[in-house]
Each structure stands twice: as structure tokens, then as C-alpha cells.
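2 protein chains.
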Amino acid sequence: VLESWSFLDTVESNFRPLVVIELAKGTKEETIEWFTKRIVDKKANGGAQLLIKPLVMENGVENIYLVGASHLRLLLGAETVGLVKECTDNSMRTFTYSSRKTFKDFADDNHNFLTMAECQYIIKHELENLRAKNEKMIPGYPQAKLYPGKSIVRRLLTSGILVQIFPLHDREELKKLRHSWYGRVKVGYQPLDDIRCYFGETIALYFGFLEYFTFALIPMAVIGIPYYVFAWEDYDKYVMFATFNLLWSTVILEVWKRICAILTYRWGTLLMKRQFEEPRPGFHGVLGINPVTGREEPVYSSLKRQLRIYLVSLPFVCLCLYFSLYVMMIYFDLEQWALDYHKENESNFSSLMLYVPSIIYAVVIEVMNRIYRYAAEFLTSWENHRLESSYQNHLILKVLVFNFLNCFASLFYIAFVLFDMKLLRQSLATLLITSQILNQFAESLLPYWFQRRYNRRMKKRTCSQKTDRDLSIAEQVNMEKEMGTYLGTFDDYLELFLQFGYVSLFSCVYPLAAVFAVLNNITEIYSDALKMCRVYKRPFAEPTANIGVWQLAFETMSVISVVTNCILIGMSPQVDALFPDSKMDLVLTVALVEHLLLAIKFIMAFVIPDKPRDIQMKLAKLEFESLEALKQQVRAFQMQL
Amino acid sequence: VLESWSFLDTVESNFRPLVVIELAKGTKEETIEWFTKRIVDKKANGGAQLLIKPLVMENGVENIYLVGASHLRLLLGAETVGLVKECTDNSMRTFTYSSRKTFKDFADDNHNFLTMAECQYIIKHELENLRAKNEKMIPGYPQAKLYPGKSIVRRLLTSGILVQIFPLHDREELKKLRHSWYGRVKVGYQPLDDIRCYFGETIALYFGFLEYFTFALIPMAVIGIPYYVFAWEDYDKYVMFATFNLLWSTVILEVWKRICAILTYRWGTLLMKRQFEEPRPGFHGVLGINPVTGREEPVYSSLKRQLRIYLVSLPFVCLCLYFSLYVMMIYFDLEQWALDYHKENESNFSSLMLYVPSIIYAVVIEVMNRIYRYAAEFLTSWENHRLESSYQNHLILKVLVFNFLNCFASLFYIAFVLFDMKLLRQSLATLLITSQILNQFAESLLPYWFQRRYNRRMKKRTCSQKTDRDLSIAEQVNMEKEMGTYLGTFDDYLELFLQFGYVSLFSCVYPLAAVFAVLNNITEIYSDALKMCRVYKRPFAEPTANIGVWQLAFETMSVISVVTNCILIGMSPQVDALFPDSKMDLVLTVALVEHLLLAIKFIMAFVIPDKPRDIQMKLAKLEFESLEALKQQVRAFQMQL
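Just so you know, the sequences run in chain order Z and Y. Read in order, the letters of the first sequence are residues 1 to 641 in our numbering. Read in order, the letters of the second sequence are residues 1001 to 1641 in our numbering.
Keep in mind the hints are simulated off the structure, nothing from the lab.
Here are some chain Z residues the structure puts well away from chain Y; computed CB gaps all over 10 Å: (1) Lys25; (2) Trp34; (3) Met116; (4) Lys133; (5) Leu157; (6) Thr158; (7) Ile161; (8) Phe230; (9) Ile259; (10) Leu321; (11) Gln392; (12) Tyr454; (13) Arg456; (14) Asp491; (15) Leu597.
Derived pair list, reagent style BS3-like, types lysine-lysine, alpha-carbon separation capped at 30 Å: (16) Lys1273/Y with Lys618/Z; (17) Lys1611/Y with Lys257/Z; (18) Lys1133/Y with Lys621/Z.
For every residue, glycine included, the Cβ atom is placed at its ideal position computed from N, Cα and C.
Pulled out of the complex, with its shape left as it was, chain Z reads as follows:
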């Protein structure tokens, strides 16, 4: 099919496949020819100037293409996407081709200067920025309309001609990474820099946060154990524990920002300039002029979107919240029934029955969360947000509110309506442990098991003797294209967020929660690592400088937990006993303490700098340099006069 190669092809001796493009079976010849021509065409002609090769499968069907690029093309692409790399003087700078010699490890023949993940990110960026010129439609598909500036790949995706684009795994590297990550049982840090090199910054930052969070929970867990073991119930000890927890959670969230700055500075993303955001693939509307860019693109009225949000989405979310509360009330009826049953006919069976409602409820919560997730995705997509980021924010807000209520409403009810601390402790334990087990199972182990079975069957079908390493590129592509797609870190963060809620909201009632959280997170690191390396297709690297809206979500949770813990301590019989004469004094004292704690929290968040001093200095130095460079330009111009 492909005769017209890019001129760069002659320079490049060996073609290294980086990204796989899978077209729909039976795609018309003219479409393929047009698309591949656009990919290999010169930049000057509006092409992407990449290399592409068809992959001939055994059955002769030719719908899979491998995309690569010459070394020079990748370096120029690195400049376009604004990659930040380390210089020979150990400072981080935005890579430009003209200053390439000043970068560490750069050599014209060193093809490892850019990591494979970076190369794949560049290729993805170039493919997505392949834009229609004068084409009114995709050749061969009159219903797939195009207009000048429309991303070709996105239109191909939405019209179903392009099935998927995914980056290839590097079997060698992956094996090394697997070994250092979870290959041996060891105590130590994860190889975050290696993870970042292989999977990109977003995923590495998630694992960094997971690890940091686990370490940060250890003090809570250690302090919590004796409370459980010795069944301490003293007033002052409980207050101590809760106060420590509350201040500690503020400290760890502030310190995380600093660690995050250190990590992302080292990875270069802290300095990366934000790119202009194009409309998200699903965005649709009447063709108009974007007032910002002045370009033709679909336009959708902001008022219409607001109406959809406030008149449809908001009521729907409220309805779901109401439904969740309704289910909760059914749970309490069930609980009561089980208790009555246990009282009437006491037996081993009946005492086992006591736990059944909680377990059922925990399962129902998980199921409801998952169903609601689909509904939220559908609604947010229907709200037709122009930007991926605003889509994500609306989705996260919807999901967070529902999951928060769904998971914690019963606990709030038990604590502040029933005042039953024993039941609270028991429910908390059941919910926490059940949801952890369910999550680990549904998220990693089940998909892994399916993947293994599928792989084994695939191998048997081809040539059963080969190990992973000997697989030909065709076989590798064939295997990887059937793997599941990793949908991003959303679910992983959400899980941590809810766990943080279980640990902090009622920490003074159930100090053991932190212990379970730590244990869960240790296995979580391994199961998530397994998931990334074994179950899913390799995801495209996504540069990021922080964990975004999750920082805010965790901070909000820690504020709410101050309120709940103060109330819980105020309600405990030990504290009650301290104010025998006046309940008023008790409540006032609790309110005072709560306000003090909140004030301390805010002051601490304000006083602790978000970036360590040396990172601040390095950033200031870069800013100073760019200002100086600008001044030099002005001065040079003035001297000419």
C-alpha cells in the first residue's frame, strides 16, 4: 500500500515501531491511502512527517499500522510539546533543538536521550494535531465531515474508522521495571523514576502519592494499635489521638505538595508550560468561530450547558443522593431484623447473620457507586463541555459527592442519630474491609486472571513454546491490542480518597482503621503495579505537575474530619463525665476546641510553603534568566538606535 515514504526515512536506517494504529476492518483503500499520506507528509505540507508501516497479519488482513519517527523528527517534536530536560549544569530547561548540545546525555547518535514514553507522547501529540486543510470530509466516508483545523484523528475516532491508537510495550524495559518494582519481596521505595520513564508522570505521581500516603499513615497506625490492644478508653488519650490525627493529616497534605514539587521538578513537568487546550473529542455543536482562537470550530452556547447542568444534572444527582439514603434506611431495617432474629433464636448461625446486613450493604454500596459512575459519565458527556479539563472537573465533583454520601451516610447516621458507638465501630470495620477486598479483587486480580487465561489461549493458538521475549512484533501487537485500556488514575485516587475518609472521619472511634489502610495500601501498590504491567495496554504518558483536584478533595475531607471528630469526642461518656453539672459547658468547650483546631489547620496550611526552598530558588533563577534575556533583547534593540 505504502510507496511514498517520508524523506526522513532515507536518513533513518532502522525503523523502531512506537505506536500502533488499528483501523476498522474493511476500511476503504482510498481512506487508508489518504490517512497514511497525511501522516508521512512533510510538515510544510501540513503532514506529521512521521514514519508508518503496515503490519501484515497471518490471515492477510491489513488493518494495523506501526508508527515511528526519525530521531531528528522526535527531537523537533520534543521542542513542540515543550519537554523540559536536564542540562549539563544540572538545571532543568525547556528543550530546544538549537540548544540541544547543552543537555545532559545528548549526543546525535544517542537515541535514548528521549525515553520511549516521551517518544510515544510526542507521536500521539503530532497525530492528534494532524489537522484538516481543505478536506470537507474523510475520503470515502461522506458522513464524516471535516472543516479546516479539525483534528483528523479525532474525527476518525468518533466516526469509528479508527478503532484505537496505543503505544507499544517495550518487553525488555517492562521486564526490568517489573523486577525492580514488584519482582522481589523487599522493603523499600518504588522505582518512581523508572515508572515515570516507562508510564509517564501522571501514573508515576499516583504511585508516588500512594507510597507517600502509606508511609504517612504509619504513625497513625502505630499510635492506633495500643488503643485497640489495651482497649484504652481514657478521655485524654482519645483526645490526644484525635488531635494528633487532625494536625497530622494537615501536615501530610501540605508536605505532599512539597514532595510533589520535588518530584515534578526532577521530571521537568513543574516547568512545562500549559499548552492551549483544544476541544475534547466528544464535543459537538454548530460550526462557528471560536472567539479566542478566531478559528472555525463547533460552538455550543454556555447558557444551554448551564441549563443542562442546573435543570437536569443537579436534580438527577440529588435524586441519586436521595435514593442512596433510602437504601441506607433499608439497611438499618435489615440490621434491626437481624438483631431481632439473633435475639429470638440465638445460635452460631444467627450470630453470623448479624454481619450479613453490613456485608450486603457494603456490596450494594460498591455496586451503586459503579452504576452511578456510568450515569455521571453519561450526564457529564451530555453536558457537552468544550474542554477535557472542565469535563473531568464536573465528573469528579459529581462522583465525589455521591460516593462520599453513599459510603459515609450510614456511618454519620449511626454516629449522630443513633449515637451507637459500638455499632459505628463495627460498621466502619465491615465497610472498610469489605470495600478494600472488593476493590482489590475487581480492580486487579480479576482482570489479571482473565488476561492470563486469554494470553495462554492465544499462545497455545500460535506457537506454544515461545516465551514472552521471543514474540515477534506482529504477535506482540496482536496480544496487546486485545488487552484492556487503562482509563486513568481516577478510580485509584477515588479509592484512596474514600479510604482517607474511613481513616480520618471517625479516627477517634476506630484507631485500627489506619492499620487496615496501611496493610491495604501495601498490597495495593503491588496489585496496581501488576495491573499496569500485566493487565492493561501501555497507556500514553501524560505530563502533569500535581495531583490536581484531588489535593483539594483530600484537604476538604480533612476539614470535615475535624468537625466529626470533635463531635464524637464531645459525645463520648468519658468527656461527658468531666462536665457533670452542665451539658452547655461541654458543648461550648467542644465548639471552642473545634474552631481552634480549624484555625490552627488553616494557619499551618498558610505557613508551610508549598515548594521547598531550593526548588523555589531554582524556579526564581529560571524566571530571572528569562527576564534578563528579554531585557537583553530590548537593550540590543535600543543600542541600534
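Model the placement of chain Y on the given structure of chain Z, informed by the hints.
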């Protein structure tokens, strides 16, 4: 003295004096010669390339110099400081000399393209950036050390050779401004754009805030009047008023951000890039290398500064706070004594005596605030901050905390310890009104009176018949150099901040406070305008994009006022009567309402965007353009390959 004029001088036909430099009397000839040479020298030789003329006074003493600049020099300077001006297509863009033709009202012979305040700001910037080359000291003054890169003007100032630098008033413009600002009694907005043209953005923004704040208080005042007139004491009405106040104060602070964005966009400062901050004039230390710039400059260990802050300043502030509380207790003793006296011998005199303690206390508070202010300035200066901004932040924090406690401690004591709502209302009224009268008197009217007297005496001494307009430049300079120096908007904002406290902290007890605040602010606008135009030297314009730390201060105050108002309402007998059975329920309800209000406040602050949609769009457009320009560069480079 001056023979060597800049080459630009030949181009410029008329010298327009913009800035006055006053040297100490008896400054050595060689120093003057060196300094003026550096000012007129070419940029290429490290000079400022400005114009300077000595001003010969009647008594023959020659220590005052007038600084000006050619039109071309000012345009180039506008590019250096990064001024943002309006283009012919109504968008705001950073001015560059090469793109000058695209700007609105630009013409090579239009010398009003830059306002006089902008020209003066440029000259100030150029003078301050006049840096030592190889000079080891100021010629003639071996004790005034210099090192490469040290600002000459700052060293001249700190060593006392340079008495002051100030911009000249423009008598014509000032007269017009005075007329449109406060010349006639009228209902309407202030001429903010004119104020900004004459005094610069910082001062215009203060007046903008003052005006906005006054308008924003009117609804509170209007709703508050009937409460006073009809002596409404119903529970629900009070709650309504307080709730309205609390939400209203959040709304006005959020809306101010939007208005501020509109104003500063129009003025161009919203888009101005932050310049690199040089050390403040008073900063001293051992000569070392600045790690950011790599230049020689004084270096002072951050640890030493921290020690000074935490071991000296912090204890001192605490001591002052304690002292303030001590004075407060004396006030209460006095109050008690006056009450006893009134009871024993009831007469007109004794009932008048009842008000005496409050008035004395109000005066003492003002005096203490002013004394503490000096102490805080001394301490903060001794802490030796490198940057003016960090100096300002530490000073503002110190002053705010003390003033807050000093002004409101007695009210808190009366409200939450004595539970005396009548006394609270009375004290609040006395404090508010006394402090307002004192402030207006001490801030504007007294200096104005002194200034008038001085002016009259001066005029008599010279030639008594002349009006302001006919004054020669020498006489004008002579008069203006003796005027007081405006020390910035700090005190003005502080006054508004405390007023906001009086209005919002106890709004549900004394609804009339807003009325007094509105009345005060209307006269405040006039007296402040008078102060700016008549009493003080013209200040240098200072570009700014927002009101800085004051926004945070006002927001904090509005959070505190939620707490105080909820407690006050909870304590009122009307609310008490609603919960006859259980005080507990009352306290819990109040706490619940408080938390709800706080939550609503935070959500509102989060939901209301900080910038109006059209400003957001304009900013996005500019950002997009600069990204596109960068891409074009990269693309042009790639095409060459």
C-alpha cells in the same frame, strides 16, 4: 555645571521637567558631576540616557535638579518596564517600540501617548536601575561603598546625599482632576480613569475599592435603619438581617475581585508581567553572591532572620497584645467607676461622665495603634527582609493582628464575657464614631490646615499676588518639596478594614453601624481626595493588578464575623425563648447554622469566578496568540531543515 548633554537632547526642542531630585546641601562638586554624567550618559555606556537640568534658586544654592527625557527615550523606557496599552483593535497589549504603530492614539508627534504619571514612573524605574559599574564608592564619599550592580540612587539615598526624588505635579491637570473629583457636590462615580492617569493604579484602585465598598454597604445600611427606628427585636428579623449580612459580605468581596479585574484590565496592569524584585533599599548584609541572579549583592542568612522573627518580634508582639488587654481591663474598671459615680450622685454631669471612659478608651486605642505602628515598622525593618514585598507582608501581619485585638478585644469581652448587649451596642457606637472622627481629622483635615498655612506664608514671602497657575517652575518645586510624603495606601486600607470589622462582627447587635460607615466613607472619599491633591507631594505611580493581601484580610474578617454573629444570635433572649426546654438544642442548632453558613460561604467563593467571562476570554486570546507565535517560530525553524 552641566555641559555634557545627551545626544537625544538635540532632537528634543523643549525640555519638560518630570521628576525632581533634591541633593543634600553642600554635596561635593565631583559627586554631582559624576551623578549627573551617569544620568545623561548613553545606555550603551551604562547610563540612564535621561535629560537633567539644574534649578537655580533665588538664594543661588544649586542642589535641586529637574529630570526629563526625550519622547523616544520614554517610549523605549515604556517597553523596558513592560507597560500595557490599548491597541487600535481595542485589545490590550504589551507595548514595544517596534509595534508602536498598532497602538491607539500613537503618533510620532503625540507626546500625550504616555500619561505624565507613566513618564514619571519610567524615569523613576530608569533612575533606580542606574547601577554601579566599577566604582568602589560614590566619588567624594569614601564611606558610601558601591559594588558592581548596586543601584546608585539607593546608595545615595541611604547615605543621605540624595534627600528625595519626587515627581512634579501638573498644575493644569490637577486642577481639572480636582474639579471633576470633588470640585462640585454631586452624586455619581469618581473619575477613576482620570485618577489613575494622574496618580497611578495603586491609588486609583484604593479609591475604586473605597467607592465600591461604600456602595456595597448601602443595602446593609438601608436594611439596618428600620431595625433601629422601629426598635425591632424579633428573633426571625434579626436572624434574617445577620444572615443577609454574612452572605452579602461574601458576595461583595467576590464581586470586588471581578470589578478589580475589569478595572486593571482596562488600565493594562492585569497583563503586566511581574518584574524581578531587587533588594529593598534598607536591606544590608555581607557582600556575597545571590544564588538566583549570580550577581554580587548583600546576603543575609535566612536562619538569622527567622531567629529574629520568632525570638524577638513574635514575643514583642505577644507582649504588646498583652499590654493592650491590660489597658482594656483598666478601661472596664474605669467604666465601672463611672457607673458607680453615676449611681451615687445622679446629675447631668454624672450621666455625661458615663461616656467619658469609652471616649478616653477610643482615643487611647488610636494612640496605641499609632505607637505600635512605629514599633512594628522598626522591628520589621530590623528583621532585614530582602524584598520590599516580604517586608510589607510581615509589617501588615504585625499591624493587623495588633489593631484587630486593640480595637475589638473590648467588644469581644463585653459580648462574650459580660453578656451585656446594651453596653456592647453603646461601646460599639462610641468606638466606631470616635475612631472615624479622629481618623478623618488626623489624616486629612489637620495636614490640610497645616499645608494651607504654610502655603500662604510661602506665597507671602515670594510674590503675594500670583495665583497657583502663574507660579514659575522654581516656585512650584520649592513649594512641593516641602509638602509631606504620601506613605502609601496602607493606613487607608487599614481604616477600611477596621470599619468592616465594626460593621460585620456585631452587625446583628448594632445594625446602624453600616449607616455610619456609609456616611463616613462618603466624607472619606472627599477628604482622601483633598489629601492626595492638596496636602501631599505627588506620589510615583505604582502599577498593581489587585489590592493584594487586603483581599485576604477582608475575607478572613468576614469568616470571623460568621462565628461572632452566630454566637450573638444564639445568646439573644428571643432565641433563648424558642428553646425553653433544652439549652443544648439551642447551642447545637447555632453550631449547625454556623457550619452551614461557613460551608455556603466557601462554596460561593468557589463558584463565583474571579474574573468576568469577557475578561477571561480576552486573557485566553492573548495567551493563545503568544503560544501560536512560539509555535510559528518553531515551525519556521523546522522548515529550514
